[in-house]
Amino acid sequence: MITVEERPAGAFENNNQKPTGYGRMLRKEDARFIRGKGRYCDDVQLPGMLHLAILRSPVAHARIVSIDTTAAEAHPKVKAVVTGAMLAEKGLAWMPTLSNDVQAVLATDKVRFQGQEVAFVVAEDRYAARDALELIDVEYDILDPVVDVRTALDPDAPVIRDDLEDKKDNHCFDWETGDAAATEAVFAKADVVVSQDIVYPRVHPAPMETCGSVADYDPVDGKLTLWSTTQAPHAHRTLYALVAGLPEHKIRVISPDVGGGFGGKVPIYPGYVCSIVASLVTGKPVKWMEDRSENLTSTGFARDYIMRGEIAATRDGKILAIRTNVLADHGAFNGVAAPVKYPAGFFGVFTGSYDLEAAYCKMTAVYTNKAPGGVAYACSFRITEAVYLVERIVNCLADELDMDPVELRLKNFIKPEQFPYRTKTGWVYDSGNYEPTMRKAMEIAGYEQLRREQVEKRARGELMGIGVSFFTEAVGAGPRKDMDILGLGMADGCELRVHPTGKAVVRLSVQTQGQGHETTFAQIVAEEIGIPPDDIEVVHGDTDQTPFGLGTYGSRSTPVSGAAAALVARKVRDKARIIASGMLEVSVADLEWEKGSFHVKGDPTKSVTIQDIAMKAHGAGDLPEGVEGGLEAQICYNPENLTYPHGAYICVVDIDPGTAQVKVRRFIAVDDCGTRINPMIIEGQVHGGLTDGVGMALMEMIPFDEGGNCLGGSLMDYLIPTAVEVPDWETGYTVTPSPHHPIGAKGVGESATVGSPPAIVNAVVDALKPFGVRHADMPLTPSRVWDAMRGNPQPPI
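Position one of the sequence shown corresponds to residue 1 (UniProt numbering), numbered consecutively onward.
Bear in mind the hints are in silico, worked out from the structure with no lab data behind them. Built from N, CA and C at the ideal position, the CB exists for glycine as well. There may be inaccurate statements among the hints.
Lysine-lysine pairs mimicking DSS-like chemistry, simulated, CA-CA at most 30 angstroms apart [to be verified]:
hint : residue 1 : residue 2
1    : 189       : 362
2    : 503       : 595
3    : 77        : 90
4    : 250       : 284
5    : 318       : 411
6    : 503       : 571
7    : 362       : 167
8    : 415       : 440
9    : 28        : 571
10   : 503       : 601
11   : 362       : 415
12   : 616       : 595
13   : 318       : 362
14   : 28        : 595
Beta-carbon label-pair distances, calculated as ranges [said to hold, decoys possible]:
hint : residue 1 : residue 2 : range
15   : 625       : 593       : 20 to 28 angstroms
16   : 159       : 705       : 19 to 27 angstroms
17   : 402       : 595       : 52 to 60 angstroms
18   : 220       : 620       : 39 to 47 angstroms
The whole structure should be built from the sequences, with the hints applied where relevant.
Put into structure tokens, the structure is as follows:
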């Protein structure tokens with residue numbers, strides 16, 4: 001790993017220095033993880049616990065004629081066998097999704113994708129439960145599946161969602177943004193119009209830990225405790241209350257250490273509900289953990305967009321307008337958690353980082369016989385697809401104009417003085433300074449030298465490509481006036497309590513899956529009140545212990561909960577100031593704050609530390625009039641706007657002309673996420689996202705055959721990158737704070753996943769320019785690159 005950056009203020013060089021705010025700091029949570037002391041869902045063991053296994057459909061589309069559970073029920077270790085018909089009797093066969101659709105918990109009338117849940121078995125151990133699945137006899141009446149999204153709306157296409165009232169086709173929703181007429185007028189006057197069909201294939205988050213839950217219903221007090229692999233404990237609790245009919249205060253959702261989520265653990269999967277039902281039925285705690293094949297074939301997918309992008313420009317390279325038509329495959333149920341006002345998520349930022357006269361997008365989403373799609377896989381609700389579209393068609397325009405792709409971007413960037421900038425699709429970018437970010441990436445890469453090297457290599461018949469991408473990302477979902485999930489506002493709560501000895505506890509509504517929350521949020525609070533991060537405990541992932549909030553996804557932790565943590569700390573500091581004024585016998589106005597203490601203006605020797613104040617707040621004696629005892633506060637933060645981080649990426653690839661193998665030789669990533677809290681954590685997030693991008697661009701895809709069979713159901717079939725496939729990352733940064741965020745932070749967790757695929761694809765297409773290739777669809781496997789080199793590039797689906 002190569003990192004190019006200056007050491008930020010507050011950084012420290014060795015472990016003897018104790019930072020009290022922003023800067024490099026080893027992650028607090030790593031001590032337990034590297035010692036194997038993490039506690040994951042599958043580590044939960046309860047007395048008398050039973051195990052659940054789910055029978056899944058082997059076919060993509062079929063009527064259920066009959067289900068015979070007699071043999072399974074006779075198994076000596078089986079405690080219960082439950083079918084969809086049994087759930088229907090209790091009104092539990094269907095559940096709402098987080099996108100205002102409904103999904104079958106267990107299939108009742110028919111199955112709608114391969115891997116759909118049909119029945120479940122509860123047994124004394126997981127092996128007996130799995131064995132008993134083989135004893136259930138299901139008779140299916142096979143129906144023709146709808147696999148190709150392009151034929152899903154054909155008049156003769158089988159209707160998948162006939163459970164919906166008066167449903168006569170496979171239409172899911174339509175959505176449009178921008179001004180169609182104004183965009184058409186701009187296209188009509190343009191010197192140059194370039195169009196390109198672009199496919200972003202279906203991919204999967206594939207976290208190290210699969211999904212699972214442990215449900216424990218206590219019939220005595222009517223309390224349900226659920227340990228679950230969820231990124232949004234509070235939202236899940238509300239939905240379980242709606243489905244199971246239990247009082248919400250009687251449901252406790254605990255999300256322990258989560259082994260990766262990437263958006264795939266936002267939805268509520270039937271397995272979670274099945275474990276709850278099983279505990280209600282048996283009166284025992286019940287564990288469900290899926291295996292890798294179940295995870296890949298039945299949990300939420302991402303992407304699966306077929307896009308036609310068009311770009312209009314002048315002959316000298318001024319981009320005038322962009323428009324696109326999108327066909328989106330949402331699988332059998334629309335299960336993604338997306339802000340309801342925006343069913344297509346934040347695809348509206350498809351205009352990218354460019355100052356345009358007009359833009360227009362029309363999207364049609366359809367149902368198919370595939371597992372539910374639309375998961376916000378490290379992409380802030382469809383921003384990855386939006387950025388991929390704009391950065392590919394901008395490169396196509398550069399090719400058409402025979403202009404350097406960096407020069408074209410620099411010519412069309414939104415200028416610093418234009419911020420806050422309202423796009424032609426209605427989004428308001430809070431701040432940005434794009435040119436310095438692009439030029440820093442060029443400087444690190446040695447861009448001009450790379451282009452000279454490319455010319456020399458092409459003269460020798462070598463295939464070297466240089467790809468550029470630039471992105472603006474919308475993260476931090478809220479604000480609640482515009483965005484909600486199932487009617488729940490996307491504000492986040494935060495509580496801070498300082499104990500008498502000066503140690504503190506901060507309670508958050510977001511849930512970590514490896515992003516370093518326990519360190520980052522401790523640093524934010526430390527920066528505001530001066531208590532060392534090691535003295536601040538961060539509590540999350542337990543609905544009984546934390547305030548309400550909508551969870552972690554869409555890179556919203558720092559933009560929303562980070563703001564809440566800063567503001568709640570300031571509330572505590574304001575109270576501490578009043579107490580300090582009494583202790584020092586001066587007015588509040590006569591006090592000055594220096595991180596960790598208040599002192600009298602003009603006399604720094606008269607001071608009290610935050611620890612002194614905490615003891616006074618809890619101790620004997622009088623406090624200033626109107627001040628209650630204790631030193632604590634709580635807040636519910638409703639963001640004013642989204643935040644808009646940006647970045648410039650440059651990728652260098654070499655392609656073996658004999659095997660068509662693509663090697664990513666160099667990758668330069670310069671990110672601007674506003675105020676930087678812990679550079680080490682930022683680098684880790686960027687490295688992970690860049691690796692994700694290599695996988696998506698070069699190897700990852702979930703394909704289906706004509707019968708609807710998932711062909712990516714194992715890690716032998718669904719390839720993910722390792723250290724062998726990635727280069728040493730070269731990273732840098734610029735800082736453009738968000739003007740409305742309390743600490744100016746914008747978020748970075750998903751930026752690299754957004755920006756890296758177009759940079760890699762642009763590099764591969766650039767390398768193939770001698771073959772006349774203008775576009776090739778992901779994943780760019782050797783066979784697909786070989787086809788492109790021979791003038792026959794194949795779409796992935």
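Hints versus structure:
A distance of roughly 21 angstroms separates the Cα atoms of residue 189 and residue 362; the hinted pair therefore holds under the 30 angstroms criterion. For the given pair, residue 503 sits about 15 angstroms from residue 595 by alpha-carbon distance, which is consistent with the 30 angstroms threshold. Note on residue 77 and residue 90: the hinted pairing holds, with a Cα-Cα distance of about 25 angstroms set against a maximum of 30 angstroms. Of the pairs offered as hints, the one joining residue 250 and residue 284 holds, with about 17 angstroms between alpha carbons and a cut-off of 30 angstroms not exceeded.
Between residue 318 and residue 411 the alpha-carbon distance is near 7 angstroms, which keeps this suggested pair within the 30 angstroms criterion. Pair hint residue 503 plus residue 571 holds up; C-alpha atoms about 17 angstroms apart against a cutoff of 30 angstroms. Among the hinted pairs, residue 362 with residue 167 is consistent with the structure: their alpha-carbon atoms are about 22 angstroms apart, no more than 30 angstroms. Our distance criterion of 30 angstroms between C-alpha atoms is met by residue 415 and residue 440, whose separation comes to about 17 angstroms.
Of the pairs offered as hints, the one joining residue 28 and residue 571 holds, with about 25 angstroms between alpha carbons and a cut-off of 30 angstroms not exceeded. With a CA separation close to 27 angstroms, the supplied pair residue 503 and residue 601 stays within the 30 angstroms bound. Between residue 362 and residue 415 the CA atoms are separated by roughly 28 angstroms; this keeps the pair inside 30 angstroms, and the hint holds. Of the supplied pair hints, the one linking residue 616 and residue 595 holds, its CA atoms being roughly 19 angstroms apart against a limit of 30 angstroms.
Distance hint between residue 318 and residue 362 is fulfilled; the C-alpha atoms sit about 24 angstroms from each other, no more than 30 angstroms. For the proposed pair residue 28 and residue 595, the alpha carbon gap of about 21 angstroms is at most 30 angstroms, so the pair holds. Look at residue 625 against residue 593: about 22 angstroms separates their beta carbons, and that is inside 20 to 28 angstroms. Checked against the hint of 19 to 27 angstroms, the pair residue 159 and residue 705 passes, with Cβ atoms roughly 21 angstroms apart.
In this structure the hint that residue 402 and residue 595 lie 52 to 60 angstroms apart at CB holds, the actual value being about 55 angstroms. For residue 220 and residue 620, the hinted distance range of 39 to 47 angstroms is satisfied, since their beta carbons lie about 42 angstroms from each other.
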